[in-house]
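Engineer: Below, each chain spelled out in residue letters.
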Amino acid sequence: MSAHDDDHAHGAELSETQLRVRALETILTEKGYVDPAALDRIVEAYETRIGPHIGARVVARAWVDAGFKRQLMENAAEAIIAAGLADRVGDHLIAVENTERTHNMVVCTLCSCYPWDVLGLPPTWYKAAPYRSRAVIDPRGVLADFGVTLPDDTEIRVWDSTAETRFIVVPMQPSGTDGWSEAQLATLVTRDCMVGTGLPTPDAKAQR
Amino acid sequence: MNGIHDMGGMHGFGPVVPEPNEPPFHSTWEGRSLALNRAMGFAGVWNIDRSRAGIEELPPHVYLAMSYYERWAMRLQKLLLECGLVDESEIKAGHALRPGKPNVRKLSPADVDASLIRGSYARQAAAPARFAIGDRVRTRNIHPQTHTRLPRYARGHVGVVESVRGCHVFPDTSAIDGRENPQWLYAVVFEGRELWDPDADPKLRISIEAFEPYLDAA
Chain A
1 MSAHDDDHAH
11 GAELSETQLR
21 VRALETILTE
31 KGYVDPAALD
41 RIVEAYETRI
51 GPHIGARVVA
61 RAWVDAGFKR
71 QLMENAAEAI
81 IAAGLADRVG
91 DHLIAVENTE
101 RTHNMVVCTL
111 CSCYPWDVLG
121 LPPTWYKAAP
131 YRSRAVIDPR
141 GVLADFGVTL
151 PDDTEIRVWD
161 STAETRFIVV
171 PMQPSGTDGW
181 SEAQLATLVT
191 RDCMVGTGLP
201 TPDAKAQR
Chain B
1 MNGIHDMGGM
11 HGFGPVVPEP
21 NEPPFHSTWE
31 GRSLALNRAM
41 GFAGVWNIDR
51 SRAGIEELPP
61 HVYLAMSYYE
71 RWAMRLQKLL
81 LECGLVDESE
91 IKAGHALRPG
101 KPNVRKLSPA
111 DVDASLIRGS
121 YARQAAAPAR
131 FAIGDRVRTR
141 NIHPQTHTRL
151 PRYARGHVGV
161 VESVRGCHVF
171 PDTSAIDGRE
181 NPQWLYAVVF
191 EGRELWDPDA
201 DPKLRISIEA
211 FEPYLDAA
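Protein sequence lines, in the order shown, are assigned to chains A and B.
Residue numbers for the first sequence follow the working numbering, so the first one is 1 and each next one is one higher.
Residue numbers for the second sequence follow the working numbering, so the first one is 1 and each next one is one higher.
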């Protein structure tokens, strides 16, 4: 459970939204539409099992295995399942690769479309107005908010997730990591690297 | 609809503020809001497109004042009322006052894991794709009052078809009456200077995923 559990943190006072959510759960359970144990299981899945560690393993594998990388770029869901990197991955997942020439960045300007199966829940900033509004018109400014600066001649390619296709960025393997094991490499691949707002660095472990 | 949700290119929202080590949920109710929405999405009464439209229809001042999972809770309540699964008196009472409707698929704990994985939106095509990779296309300048996935910033602009994704459920009709009405889907890429102004970053390119009815040959 989250450290910010505000059901208890702020005494007995519940916000209007907390009351609304609680009432909806009560009503839907009483009407027989939902099973609270299923709700528990959904929350637990996103708190403990489905997260960016899955995507990080995928990227690390792509770095060390050129054959896998080819398959990943061809059909990401199939490649990930075939390689045993995840039990299930939804359709229409597309891997896009950063190169010396091109840096990829993913956004959903209309809502919050995100590759949940391999990255888990989108972070708050991904779903919020500043990122959604600026990613398409000022991506370099957005990158600066993340402390990332790219050379002026690097093309920035923004992918607006306006359909059921989902995108995961495969960043470039950082220099100085040749010979690292796949597991070591995976520790460098943060969520932001796979959205395109971060770059993997050998000291990235402490960051998200 | 030309709603507040369609934010691409807007100014004034300030910097992006990443939160280090952000937890999946900031409080218990957020997880419950997400889970309730997922469970009722599974129920088969409404589809993903109607569900997105439910959020987009929140008035702009309400939308902007709410956090993400607050919007989800509001959307759930709205769809439950619209679809007649719950009525106002029950919302007011905070309890069920009548038995539930039949034929609402109940998500069991055993089915949760499979339900969290996105299904396929690819469908059989009724006609060949009108466009091919490399074709120049112009997005239509449409302003439907209903759900659409063509963002405002990308309307009426010339881009190039970069990829043909296949034939997919068409959100614009699916959101209204559930008609899948499958349409070809393309990745269309635009130069930053085409979408914005001549001074825009010459090294910026933006792509959208565009359904065929959004496009004309250019």
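Be careful, since some hints might not be right.
Stated by the list, open to error - Facing chain B, from chain A, some residues (calculated, C-beta under 10 angstroms):
{"#": "1", "residue": "L14"}
{"#": "2", "residue": "Q18"}
{"#": "3", "residue": "R20"}
{"#": "4", "residue": "V21"}
{"#": "5", "residue": "A38"}
{"#": "6", "residue": "L39"}
{"#": "7", "residue": "E47"}
{"#": "8", "residue": "H53"}
{"#": "9", "residue": "R61"}
{"#": "10", "residue": "D65"}
{"#": "11", "residue": "K69"}
{"#": "12", "residue": "R134"}
{"#": "13", "residue": "M172"}
{"#": "14", "residue": "D178"}
{"#": "15", "residue": "T201"}
{"#": "16", "residue": "D203"}
Quick caveat, the hints were computed from the structure, so don't treat them as lab data.
All C-beta atoms in this analysis are idealised placements derived from N, C-alpha and C, irrespective of residue type, glycine included.
Engineer: None of the hints should be skipped; say for each whether it holds.
Structural biologist: Against the structure, the hints:
Taking 10 angstroms as the C-beta cut-off, the interface hint given for A/L14 holds, the closest approach to chain B being about 9 angstroms. A least Cβ separation of about 5 angstroms between A/Q18 and chain B falls short of the 10 angstroms threshold, and the interface hint therefore holds. A least Cβ separation of about 5 angstroms between A/R20 and chain B falls short of the 10 angstroms threshold, and the interface hint therefore holds. Taking 10 angstroms as the C-beta contact cut-off toward chain B, the hint placing A/V21 at the interface holds, the least distance being around 4 angstroms.
Hint on A/A38 holds. Least Cβ distance to chain B is approximately 5 angstroms, under the 10 angstroms limit. Look at A/L39: its Cβ gets to within about 4 angstroms of chain B, closer than 10 angstroms, so that hint holds up. Because the smallest distance between the Cβ of A/E47 and any Cβ of chain B comes to about 5 angstroms, under 10 angstroms, the interface hint for this residue holds. Contact between A/H53 and chain B, as hinted, is not supported at the beta carbon level, the nearest pair being about 13 angstroms apart and thus beyond 10 angstroms.
At a threshold of 10 angstroms, the smallest CB-CB gap from A/R61 to chain B is about 20 angstroms, leaving the interface hint violated. Evaluation of the A/D65 hint against chain B yields a violated restraint, the C-beta minimum of about 24 angstroms exceeding 10 angstroms. Against a cut-off of 10 angstroms between C-beta atoms, the interface hint on A/K69 is violated, since the closest Cβ of chain B lies about 18 angstroms away. Below 10 angstroms, beta-carbon pairs count as interface contacts, and A/R134 has one with chain B at about 7 angstroms; its hint therefore holds.
Hint status for A/M172 relative to chain B: violated, with the closest Cβ pair at about 17 angstroms, above 10 angstroms. With a cut of 10 angstroms, the hint placing A/D178 at the interface with chain B is violated, because the nearest CB-to-CB distance is about 29 angstroms. Because the smallest distance between the Cβ of A/T201 and any Cβ of chain B comes to about 16 angstroms, over 10 angstroms, the interface hint for this residue is violated. Hint status for A/D203 relative to chain B: violated, with the closest Cβ pair at about 15 angstroms, above 10 angstroms.
Comparing the model with each numbered hint stated earlier shows that hints 8, 9, 10, 11, 13, 14, 15, 16 do not hold.
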